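Letter by letter, the chains look like this.
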Amino acid sequence: MQKFLLQGLLRRALTEQAPIPNPTSIAELGYTLGRTARQKLGRSLSIREVDAGSCNGCELEIHALNNAYYDLERFGMRFVASPRHADVLLVTGPVTKNMREALERTYAATPDPKWVIAVGDCAFDGGVYCESYACVGAVAKVVPVDLHIRGCPPDPTTLLKGLIAFVETMS
Amino acid sequence: MNFASKQIPAQPSPPTCLPWPREIVDRAGWLAFAESLARGERELLSLWGESSSVHMAVLEEREPRLRIVTLDCPKGSFPSVGRLHPPASRLERAIRDLYGLRAENAPDERPWLDHGRWGVRHPCNDPEKIDSASDSYAFLPAEGEPLHQIPVGPVHAGIIEPGHFRFSANGETVVRLEERFGFVHKGVDQLMAGASIERAARLAARVSGDSTVAYSLAFSQAIEAAFDVNVPPRATYLRALMAELERLANHFGDIGAICNDAAFALMHAQCGIVRERILRKAASCFGHRLMMDRIAPGGVVVDLEQENVAALFTLIEWIELMTPRLIALFGDTTSLQDRTVGTGVVSEALAKQYACGGYVGRASGRTFDARKAIGYAPYPQLTFEIGAAKGGDVDARVWVRFDEIRASLRIVRQILDEAPEGPIIAAWTLPEDWTREGAALVEGFRGDIFVWLRIRADGVVQRCHLRDPSWFQWPLLEAAIKDNIVADFPLCNKSFNCSYSGHDL
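As you go down the protein sequences, you meet chains A and B in turn. If you use my numbering, the first sequence corresponds to residues 2 to 172, in order. If you use my numbering, the second sequence corresponds to residues -12 to 492, in order.
By construction, these hints were calculated from the structure, which means they are not laboratory data. Owing to the predicted nature of the structure, the values given are computational and were not obtained by experimental measurement. Wrong hints could be hidden among the right ones.
[To be verified] Covered stretches of chain A (chain B as the covering partner; in silico rule of three or more C-beta atoms under 8 Å from a C-beta of chain B):
id, region
1, 63 to 73
2, 92 to 100
3, 133 to 147
[Unchecked claim] As a list, the in silico SDA-like pairs of lysine to any residue whose alpha-carbon atoms are at most 20 Å apart:
id, chain 1, residue 1, chain 2, residue 2
4, A, K4, B, L316
5, B, K268, A, Y70
6, B, K339, B, R70
7, A, K4, B, T320
8, B, K268, A, D156
Virtual Cβ for every residue (Gly too), placed ideally from N, Cα, C.
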């Protein structure tokens, strides 16, 4: 263990420069974020991830945001364990009918002001599952969505760009 | 039989499944198979339905030979296998939910994937519209005065998939855990029916994102078996390269996450770095971090450039340097051992009964590995050793994963050294003559993935059955957590890391 700790002192951090936010995301966000919310929240943001039927590909990349290279927390964003503590719901998947109520309840349990970010192509329009009897389709059909981050799955840089754009617009 | 020949005028009936022929049995034959499963002479690989027949794939105990048997059930029911052999029970419940075929005298007749929310019953076979908003579900009882229940999920505290766990606990000790799944059921069986092979391949790649390479490989191998397509040697090596990178990335990610669930964040951070470097290299070599849609029926769609071979060698060397350090960090941290040793034990008998694959089976003495047992290309040409342990606890599962990391590193080195030059995809076209069937068993990071499919004469998928290794691992988690404390559940669960999406389909 000493070796790892010593290396941590001697070497440069692996954490990378922040990516430049995506201009289209900013435009999309401009409409959705109220002035009051900006004053209330500042930059610190708590995110609750909800898998509403994803294949777990999106979860893997969302997980990667916490590794040393991306280090999401430095932007004032962190994942929380309960919707009661969340400002933002990060929703993935084509919203299976068996998860619809759970998603609605999670949304209802999130205190106002709150936002929803739909992550991945499935969350955008149902993706490859859009014609299924078992899926509702886009997350926007179930809860209001403020931002879409596309990709199958979106890589961590794409996720970071979307999230940073989100925070920039808020503060 | 030479399927490429156009001389044969009539379609073979029933369509021959390749490489393992499908045998038609009567009720007595079906029961005989069920009884041999119960006696432990065969292992159950899968059980699946169609409009009016059920199929079973088994592994012969003496020689690792796969057999597929079919029972026609025109009256909509079949003798229950689960009554004699419990591992079949959930598969039978799923068959009833999706295809409406009933297992006679089944030990558990509750629905499994169907929560009553689809608006239809048995959606894959003569669907019947319903109005119900949702069905109630009776959990198994656990009785006694001091017991209390803890319902967990479907939405969990971490960034993980949804499923429901119902704990009955006596103080801190778990008396019974019952799982309830189906929350991420996406209707893959029905989407597959009528899909083109291209679309079906995209669906197969999205059954469980962490095993996308393994699923694409299994699906492609089944298609190639059905159509007698010869995959170019280089493509088999590149497929194995992707499969091993996927295995490495997942094992590092999971080992870190297991330690994180025992509050040892240093290991999590270090393993996360290794995982991230693998994924970045995968992206630069193959154009996608998870290597999704890179394997297609006939071969692979991206070649490995020469400069990337050197880059991969550099990566492998670095991982070879890091692995012993991480092993030392894990093995020398006694506070960590305190949490992992003796926690969540799966007995050898259960692992064998459930034909449990992957690290869960291997940590409990069942060493089955499709790379060795089935021996698909290029693995028979490569030298590697499969990890094994008998402890069956969280600790054993971590050590088996370290063994697998070493094996995968060795395989990747051999692939980079020995991969032959040549084409990367076979030129093949759909013959459009008759219905064909193929099957494959492929070793994903989690265990063996079974695929069986039937392609109609017009080149459209009629039925594609994909069986995730989690089907036979999830039930063992219920057994593993018994008599452990509730607080150790995340640790046990992560050491299994079963797929919800692959299971719910």
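How the hints compare with the structure:
no.: 1; hint: 63 to 73; verdict: holds (count 7)
no.: 2; hint: 92 to 100; verdict: holds (count 6)
no.: 3; hint: 133 to 147; verdict: holds (count 4)
no.: 4; hint: A:K4 <-> B:L316; verdict: holds, 9 Å
no.: 5; hint: B:K268 <-> A:Y70; verdict: holds, 14 Å
no.: 6; hint: B:K339 <-> B:R70; verdict: holds, 18 Å
no.: 7; hint: A:K4 <-> B:T320; verdict: holds, 13 Å
no.: 8; hint: B:K268 <-> A:D156; verdict: holds, 13 Å
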